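Student: Letter by letter, the chains look like this.
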Amino acid sequence: MKGKIETQQEAVKVNGVEQVTGAEALLRSLITEGVDTIFGYPGGAIMPVYDKLLDFEDKLNHILTRHEQGAAHAAQAYAMVTGKPGVCFATSGPGSTNLITGIANAYLDSVPVIFITAQVVSSLIGSDAFQETDILGVSMPVTKWNCQVKKSEDIPDAIARAFYIATTGRPGPVLIDVTKDAQIEKLSYKYKKCTYLRAYNPHIPLHTRSIESAAIMINHAEKPLILAGHGVLISRAEKELMAFAEKTGIPVAVTLLGLSSFPAGHRLYTGFLGMHGNYGPNLLTNEADLIIAIGMRFDDRVTGNLKKYAKQARIIHIEIDDAEINKNVQVDLEIHNDAKEVLEALIPLVKKSSHESWIREFRICDKTEYDRVIKSETRPEEGDIRMGEVVSLVSELTKGDAIIVTDVGQNQMSAARYYKFTEPNSLVTSGGMGTMGFGLPAAVGAKTGRPDKQVIAFLGDGGFQMTIQELGTILHYKIPVKIIILNNSFLGMVRQWQDMFFKKRYASTELVNPDFVAIAGGFSIPAKKVVNRDELKKSLSGMLAAQGPYLLDIQIEKEGNVLPMVEPGASVSEVTLNYKG
Amino acid sequence: MGKQEYTISLFSEDHIGILNQITIILTRRQINIESITASESAVKGVHLLTLVVKTTPEMIRKVAKQMEKLVDVLKVFVHSSEEIIYQEIALIKVTTKGMMSGNVIDHVLRTHHARILEVSPEYIVLEKTGHKAEISELLEHLEPYGVLQFARSGRVAITKQVRELNSYLQEMDEANRVKPEEVEAR
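Going down the list, the protein sequences come from chains A and B. Our numbering puts the first residue of the first sequence at 60, with every later residue one more than the last. Our numbering puts the first residue of the second sequence at 3, with every later residue one more than the last.
Think of the hints as simulated: they come from the structure by calculation, not from any bench. Among these hints, one or two may not hold up.
Capping the alpha-carbon separation at 30 Å, the derived lysine-lysine pairs in DSBU-like fashion look like this [claimed, not checked]:
{"id": "1", "chain 1": "B", "residue 1": "46", "chain 2": "B", "residue 2": "162"}
{"id": "2", "chain 1": "A", "residue 1": "366", "chain 2": "B", "residue 2": "5"}
{"id": "3", "chain 1": "B", "residue 1": "46", "chain 2": "A", "residue 2": "366"}
{"id": "4", "chain 1": "A", "residue 1": "367", "chain 2": "B", "residue 2": "64"}
{"id": "5", "chain 1": "A", "residue 1": "251", "chain 2": "B", "residue 2": "162"}
{"id": "6", "chain 1": "A", "residue 1": "252", "chain 2": "B", "residue 2": "5"}
{"id": "7", "chain 1": "B", "residue 1": "67", "chain 2": "A", "residue 2": "367"}
Computed from a prediction, not measured in an experiment: that's the story for all the values here.
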């Protein structure tokens, strides 16, 4: 399809500076920022940029998703697995509003994505022109920063700022809205990276006194517990976290987005926190005498009932975003700094120690959880296939060497609970926003960013159908992702809540599903339906060995619940291990 | 915790949309803005928004941090009314007939320290500068004599604190501006 397209314009120079269109300046600015992949969808207002893309095909790989939401999620996943900011294009009006869920998702999970939307011709702005939306106003509450460019000469500077803001401090999505005339008009192209903005101060000088106080608190603690969040991964502090934990002997629990920041299986690893997290770290949060929270924000899914959360513990909060400190939980010592810098400074100040009897308490909890939940979930001997069983098998088969992408709900919680994450950034999931439909497009983005890695998506049958059109993207670009549908013909997590808290009244949660294998066939994606346990392992191995994309539609126990659970309103120490409806 | 009156002095870049970003933060928390003024500040190119809100001490800390987090916001100060010197200005248009009755003018000028800005056969325009309560008092006093129009500015405030914006700016600047030697090293 790549016909040779002649570059029509010749480089014109004025006073020795090259004259290019706004569209070309935009693409060249992206290239200068190190961008090589863009996810997007064209439309009327953004046509000048797309036209120019043809001239930069050797440098910029554009992935045409089948919906703008898919492009947004893919760009986010790309950013999460590569550590580079994602880039996403959309046109004006519906193109831009279709991004909103994806932008909000990236915002809540602090992922740097540069969204570039087109806007109608500047003279028409405000007139309710065709496909005009006030996307600045619409995206304001869900972007770290946004701006509109109406003059071509402002494009390079806007992009430079966007990259600087998106990637520094607590990262997040930014949006640049570029009018169609600004894409067409010429400018003298010069690019200067942005490294400083007066009002924006992402780097906070190290609070050395607070770090010294923290060391004293840590050195005197008897039952200390580390809570590691996404901030550890964002600040690339996994090695420092490991060194800190090993020197102090302090057990480590992780949040959903903190998974993979500390290797599962390590003797100090205690598991994952929160509503469906592991028994030990939840329960013992209310036993610890010192909590060291690193790059996490005490989300309500982690804390449960705040009135009964860690009241006995002193809390040290290491967090780069000041607005998160004392927001949900009042802390005893705040260290408003980058996680990596703090840990580097803290390690020499803490004493070498061990907390064996304290760690034994976690191991006792692990045993309880295994006996009462994990064993029957991962090694059931009878009945239908269970989600935990599928995830553990995939975990064993891949030995942790894969990027796991999830949708939202039971599939997500099962993946988070039963996959053994050992490598940093090997989980891509929608945390704060809990966006159903995130999984499939995110898998596209993750595989595009890390083609060297096996990328496996665990999806529910509900979420899969929310963005099922991205199978078209997989077909188009031959993206070899492995898709596992944990199919219980229910919106499983909502059904679980109906079961537990709404007297089992299943309101609009049972799904009549299409034949997913046939659908995959329509997109030329090899697929297989799995119903029986005895064919599960072989089917998973077959899927992992496949060269191209592959879909497994696994029939799961219809009314399985994810346990343990910190029920809404309950304290982290009131964990439900068994539930019989 | 009871609600109190707070004055927020927010220094920002003079960019479009700042006000919108600020009000989004307050709207989310259902905090009503009692008064708002926008002006330039003593620092060139820095814009000052002065907002008066009523909320709890805990909430004001949270929203102030969320405001300061905005990329284009330089610094946010929150003060209780005792910590600032503040004024509002009101213009009141009253009927000349009403003002001429009895010793109204005398009272307005001597007791309320208002100024007369304009006199015409039909109306007189008064200016009153003071705290909200003082202005309300004058307005109440004038009402029987025929108030034709009333307009009041929001609060403008100067802080009593000794440390000025510039020293904060300098501190942030030192922590973030890339030094020339670092650029060369890259």
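Student: For each hint, tell me whether it holds in the structure or not.
Tutor: Comparing the hints with the structure gives:
1. B:46 - B:162: With Cα atoms ~21 Å apart, residue 46 of chain B and residue 162 of chain B stay inside 30 Å; holds.
2. A:366 - B:5: Between residue 366 of chain A and residue 5 of chain B the Cα gap is close to 21 Å, so the pair holds against 30 Å.
3. B:46 - A:366: Not OK: residue 46 of chain B and residue 366 of chain A at ~47 Å, beyond 30 Å, violated.
4. A:367 - B:64: Roughly 21 Å between the alpha carbons, so the hint for residue 367 of chain A and residue 64 of chain B holds.
5. A:251 - B:162: violated, 41 Å
6. A:252 - B:5: violated, 46 Å
7. B:67 - A:367: holds, 25 Å
Going through the hint list in order, the structure does not satisfy hints 3, 5 and 6.
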